[in-house]
Amino acid sequence: DTTVKQNPRYKLARVGKPVNLICSQTMNHDTMYWYQKKPNQAPKLLLFYYDKILNREADTFEKFQSSRPNNSFCSLYIGSAGLEYSAMYLCASSRAGADTEVFFGKGTRLTVV
Amino acid sequence: QQQVRQSPQSLTVWEGETAILNCSYENSAFDYFPWYQQFPGEGPALLISILSVSNKKEDGRFTIFFNKREKKLSLHIADSQPGDSATYFCAASADSNYQLIWGSGTKLIIKP
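Protein chains in written order, with this note's numbering: chain A, -2 to 110; chain B, 14 to 125.
Keep in mind the hints are simulated off the structure, nothing from the lab. Idealized CB from N, CA, C, for every residue including glycine. Do not take every clue at face value.
What the hints assert, rightly or not - The calculated label-pair distances, taken between Cβ atoms and stated as ranges, are:
1. B:K69 <-> A:T0: 30 to 36 Å
2. A:K14 <-> B:S20: 34 to 40 Å
3. A:N17 <-> B:S67: 23 to 29 Å
4. A:I50 <-> B:K81: 29 to 35 Å
5. A:Y47 <-> B:E55: 23 to 29 Å
6. B:S41 <-> A:E81: 29 to 35 Å
7. A:P15 <-> B:S67: 43 to 49 Å
8. B:S20 <-> A:Y74: 23 to 29 Å
9. A:N37 <-> B:S62: 41 to 47 Å
10. B:K69 <-> A:S64: 40 to 46 Å
11. A:E54 <-> B:K120: 23 to 29 Å
12. A:F58 <-> B:G73: 40 to 46 Å
As the list claims (entries may be wrong) - Residues of chain B placed beyond 10 Å of chain A at every Cβ, according to the derived structure:
13. R74
14. F78
15. S98
Said to hold, decoys possible - No farther apart than 30 Å at their CA atoms in a straight line, the calculated lysine-lysine pairs in the DSS-like style are these:
16. A:K8 <-> B:K84
17. A:K35 <-> B:K84
18. A:K103 <-> B:K70
19. A:K103 <-> B:K124
20. B:K84 <-> A:K2
21. A:K103 <-> B:K120
22. A:K60 <-> B:K84
23. B:K81 <-> A:K2
24. A:K103 <-> B:K81
25. B:K84 <-> A:K14
26. B:K120 <-> B:K81
Same shape as in the complex, but just chain B:
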C-alpha cells in the first residue's frame, strides 16, 4: 500500500519556467510534509517542508501549496534553473509516529 504518491514520475521544463511537482497522500493523520532533493551521486537532502496547519510555505523560488481537504500538495519551483535538475521526494509523517513515509520521487530535468 503506497500511502504517498507522486506525479509525474519525470518532468522536463525549460529554464525560467515554473516546474510543478505533485504529491498526494492517504493517511489523514499525516501532519508534516517535507520535500527532499537528491542530486545524482548524493543522498537526499531536505529542501523545504510544511505542516498541515499551513496551506502555503515559501522559501525563495520554492513554494509548497497544501490542500488538507483533498490530501494533496504540490511543490512549485519558480524560474527554474538547470541546477534544479534532480529527483524530488515528497514524504509525510504523523505526530503519533515520527517515521517518514516516502513517495517514489519525481525526476526533474531543466533544459537550458
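Excised from the complex, chain A in its bound form:
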C-alpha cells in the first residue's frame, strides 16, 4: 500500500480560528512532509519530520506547527488562520536519502473566510 491519506479533503475555517489537518501513511517512511500549494505556484515546503525531528522552513516557522506522535501519523496545525492560508495542503512521505520517491496524499483544500 503506497497510500498517503489526508483528512479532511476540504476544510472551511473562519479567520482567527485554529485549523488542524491530519495525515497518515503505512509505508513505514521515516520522513513526512507538509507542503502548501497555491494556484500557479510551486509547492512550498512548510516543514518536515525526519523520524521525530521536526524541521521548519524559516519563513513559515511561526505560522505552522506540527506533531508526529508515531511513525505513521503527522498533523499540521494553524493556530490562527488568516485569509492568506487558503490553499491546498499536501502531505507527503518518503524514505530518507537522495533520489527517493516522494509519495503524496490527495491534499486538503483549506478555505479561510
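Go by the hints and put chain B onto chain A.
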C-alpha cells in the same frame, strides 16, 4: 528566488502529437531531477526521473532530455493521449541536501 522554472505554464496539443515541457534550474549542485504528474483531485505522483550523469532517460512514451551545461531539461511525451492531460511538475535536489525544489508546473491538455 525561484530556483526551478517551468515553461510554458499551460500547453495544449492534439492527440498523437509530442508534447514538450521545459524546465530550467539555477543551482549547479542539483543532480537529481524527478518529474511528477498530478491529475485533478489527486496528489502528485512520480512519473520519471533523471540523474545529472545522464543526458537522456526513457520510459515508454516519456523521455527526459537533460543538458547540464545549459542547466535545462525537458520532458517529451510522445504520441500524447487525452489521459496524459495533467499538471506536470519538474523538481530538483542536490546530493548535499535531499530536499526537493519544485517548479510551478505545466498544465497539459491533450485534445482528442
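Structure-based check of all given hints:
{"no.": "1", "hint": "B:K69 <-> A:T0: 30 to 36 Å", "verdict": "32 Å, holds"}
{"no.": "2", "hint": "A:K14 <-> B:S20: 34 to 40 Å", "verdict": "39 Å, holds"}
{"no.": "3", "hint": "A:N17 <-> B:S67: 23 to 29 Å", "verdict": "43 Å, violated"}
{"no.": "4", "hint": "A:I50 <-> B:K81: 29 to 35 Å", "verdict": "33 Å, holds"}
{"no.": "5", "hint": "A:Y47 <-> B:E55: 23 to 29 Å", "verdict": "26 Å, holds"}
{"no.": "6", "hint": "B:S41 <-> A:E81: 29 to 35 Å", "verdict": "33 Å, holds"}
{"no.": "7", "hint": "A:P15 <-> B:S67: 43 to 49 Å", "verdict": "47 Å, holds"}
{"no.": "8", "hint": "B:S20 <-> A:Y74: 23 to 29 Å", "verdict": "36 Å, violated"}
{"no.": "9", "hint": "A:N37 <-> B:S62: 41 to 47 Å", "verdict": "24 Å, violated"}
{"no.": "10", "hint": "B:K69 <-> A:S64: 40 to 46 Å", "verdict": "44 Å, holds"}
{"no.": "11", "hint": "A:E54 <-> B:K120: 23 to 29 Å", "verdict": "26 Å, holds"}
{"no.": "12", "hint": "A:F58 <-> B:G73: 40 to 46 Å", "verdict": "42 Å, holds"}
{"no.": "13", "hint": "R74", "verdict": "20 Å, holds"}
{"no.": "14", "hint": "F78", "verdict": "19 Å, holds"}
{"no.": "15", "hint": "S98", "verdict": "17 Å, holds"}
{"no.": "16", "hint": "A:K8 <-> B:K84", "verdict": "40 Å, violated"}
{"no.": "17", "hint": "A:K35 <-> B:K84", "verdict": "26 Å, holds"}
{"no.": "18", "hint": "A:K103 <-> B:K70", "verdict": "28 Å, holds"}
{"no.": "19", "hint": "A:K103 <-> B:K124", "verdict": "25 Å, holds"}
{"no.": "20", "hint": "B:K84 <-> A:K2", "verdict": "35 Å, violated"}
{"no.": "21", "hint": "A:K103 <-> B:K120", "verdict": "17 Å, holds"}
{"no.": "22", "hint": "A:K60 <-> B:K84", "verdict": "34 Å, violated"}
{"no.": "23", "hint": "B:K81 <-> A:K2", "verdict": "37 Å, violated"}
{"no.": "24", "hint": "A:K103 <-> B:K81", "verdict": "33 Å, violated"}
{"no.": "25", "hint": "B:K84 <-> A:K14", "verdict": "44 Å, violated"}
{"no.": "26", "hint": "B:K120 <-> B:K81", "verdict": "25 Å, holds"}
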